[in-house]
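Peer 1: Sequence:
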Amino acid sequence: MTVLEQVQEVLVWCTVINYVVLIVWFAVFIGAHDWLYQLHHRWFRLSPEHFDAVHYAGMAVYKIGILIFNLVPMVACFLIS
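Counting from -19, one number per residue, gives the positions in the sequence shown under my numbering.
To be clear, the hints were calculated from the coordinates, so they are not data collected in a lab.
Predicted, not measured: the structure shown is a model, and the values here were computed from it.
A hint or two may mislead.
Pairwise CB distance ranges, derived in the manner of DEER restraints [said to hold, decoys possible]:
hint, residue 1, residue 2, range
1, Ala7, Pro53, 41 to 47 Å
2, Ile(-3), Ala56, 18 to 24 Å
3, Met39, Val(-8), 20 to 26 Å
4, Glu(-15), His13, 39 to 45 Å
5, His13, Val(-10), 30 to 36 Å
6, Arg22, Ala56, 40 to 46 Å
7, Glu(-15), Tyr36, 25 to 31 Å
Here are the computed lysine to any residue pairs in the SDA-like style, where the Cα-Cα straight-line distance is at most 25 Å [claimed, not checked]:
hint, residue 1, residue 2
8, Lys43, Thr(-18)
9, Lys43, Val4
10, Lys43, Phe58
11, Lys43, Pro28
12, Lys43, Gln(-12)
13, Lys43, His13
14, Lys43, Tyr17
15, Lys43, Phe31
16, Lys43, Val8
17, Lys43, Cys(-6)
18, Lys43, Ile3
19, Lys43, Val55
20, Lys43, Thr(-5)
21, Lys43, Ala56
22, Lys43, Pro53
23, Lys43, Ala12
24, Lys43, Val(-10)
25, Lys43, Ala7
26, Lys43, Val1
27, Lys43, Glu(-11)
28, Lys43, Glu29
29, Lys43, Gly11
30, Lys43, Val0
31, Lys43, Met54
32, Lys43, Leu16
33, Lys43, Val(-8)
34, Lys43, Phe9
35, Lys43, Met(-19)
36, Lys43, Phe6
37, Lys43, His30
38, Lys43, Leu59
39, Lys43, Asp14
We treat Cβ as the ideally placed atom computed from N, Cα and C, and that holds for glycine.
Go ahead and model the full structure; you've got the sequences and the hints to work with.
Peer 2: Following this line, the structure appears as structure tokens:
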């Protein structure tokens, strides 16, 4: 196995793991929204609208990070191999 193939495999697994984390985050946010809000409200005194906005923005930034740091390098590695 060449170094390029190892890098490709690492990037594939990083992408898969990061998308699983994102999907679990979204599922918990949707499925346990009220519980999650009550948990965070004790610490941060956020309105429900701010709470939703923070999580939506966090998921968006996380997804962009996955694209920039995992998916694009993986595609580039596959293109040059």
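Peer 1: Give a verdict on every hint.
Peer 2: For each hint, the structure was consulted:
1. Ala7 with Pro53: 41 to 47 Å: violated, 27 Å
2. Ile(-3) with Ala56: 18 to 24 Å: The hinted range 18 to 24 Å holds for Ile(-3) and Ala56, with Cβ atoms some 19 Å apart.
3. Met39 with Val(-8): 20 to 26 Å: holds, 22 Å
4. Glu(-15) with His13: 39 to 45 Å: holds, 42 Å
5. His13 with Val(-10): 30 to 36 Å: holds, 34 Å
6. Arg22 with Ala56: 40 to 46 Å: holds, 44 Å
7. Glu(-15) with Tyr36: 25 to 31 Å: Since the Cβ atoms of Glu(-15) and Tyr36 sit about 37 Å apart, the hinted range of 25 to 31 Å is violated.
8. Lys43 with Thr(-18): violated, 29 Å
9. Lys43 with Val4: holds, 13 Å
10. Lys43 with Phe58: Judged against 25 Å, a Cα distance of about 21 Å means the pair holds.
11. Lys43 with Pro28: Holds: Lys43 and Pro28 sit about 22 Å apart, inside 25 Å.
12. Lys43 with Gln(-12): holds, 19 Å
13. Lys43 with His13: Answer holds: Lys43 to His13 is near 20 Å, not above 25 Å.
14. Lys43 with Tyr17: With Cα atoms ~22 Å apart, Lys43 and Tyr17 stay inside 25 Å; holds.
15. Lys43 with Phe31: holds, 18 Å
16. Lys43 with Val8: holds, 16 Å
17. Lys43 with Cys(-6): Within the cut-off at roughly 13 Å; holds.
18. Lys43 with Ile3: Within the cut-off at roughly 10 Å; holds.
19. Lys43 with Val55: Holds, at roughly 16 Å.
20. Lys43 with Thr(-5): holds, 10 Å
21. Lys43 with Ala56: Since the Cα atoms of Lys43 and Ala56 sit roughly 18 Å apart, the hinted pair holds (cutoff 25 Å).
22. Lys43 with Pro53: holds, 15 Å
23. Lys43 with Ala12: holds, 21 Å
24. Lys43 with Val(-10): Answer holds: Lys43 to Val(-10) is near 18 Å, not above 25 Å.
25. Lys43 with Ala7: The given pair, whose Cα atoms are some 15 Å apart, holds under the 25 Å limit.
26. Lys43 with Val1: The given pair, whose Cα atoms are some 10 Å apart, holds under the 25 Å limit.
27. Lys43 with Glu(-11): Between Lys43 and Glu(-11) the Cα gap is close to 20 Å, so the pair holds against 25 Å.
28. Lys43 with Glu29: holds, 21 Å
29. Lys43 with Gly11: holds, 20 Å
30. Lys43 with Val0: Holds - the C-alpha atoms of Val0 and Lys43 are around 11 Å apart, at most 25 Å.
31. Lys43 with Met54: holds, 15 Å
32. Lys43 with Leu16: holds, 21 Å
33. Lys43 with Val(-8): holds, 15 Å
34. Lys43 with Phe9: holds, 15 Å
35. Lys43 with Met(-19): Violated - the C-alpha atoms of Met(-19) and Lys43 are around 30 Å apart, more than 25 Å.
36. Lys43 with Phe6: holds, 11 Å
37. Lys43 with His30: Holds. Lys43 to His30 sits at ~20 Å (cutoff 25 Å).
38. Lys43 with Leu59: holds, 22 Å
39. Lys43 with Asp14: Holds, at about 23 Å.
The structure fails to meet hints 1, 7, 8 and 35 from the earlier list, while all remaining hints are met.
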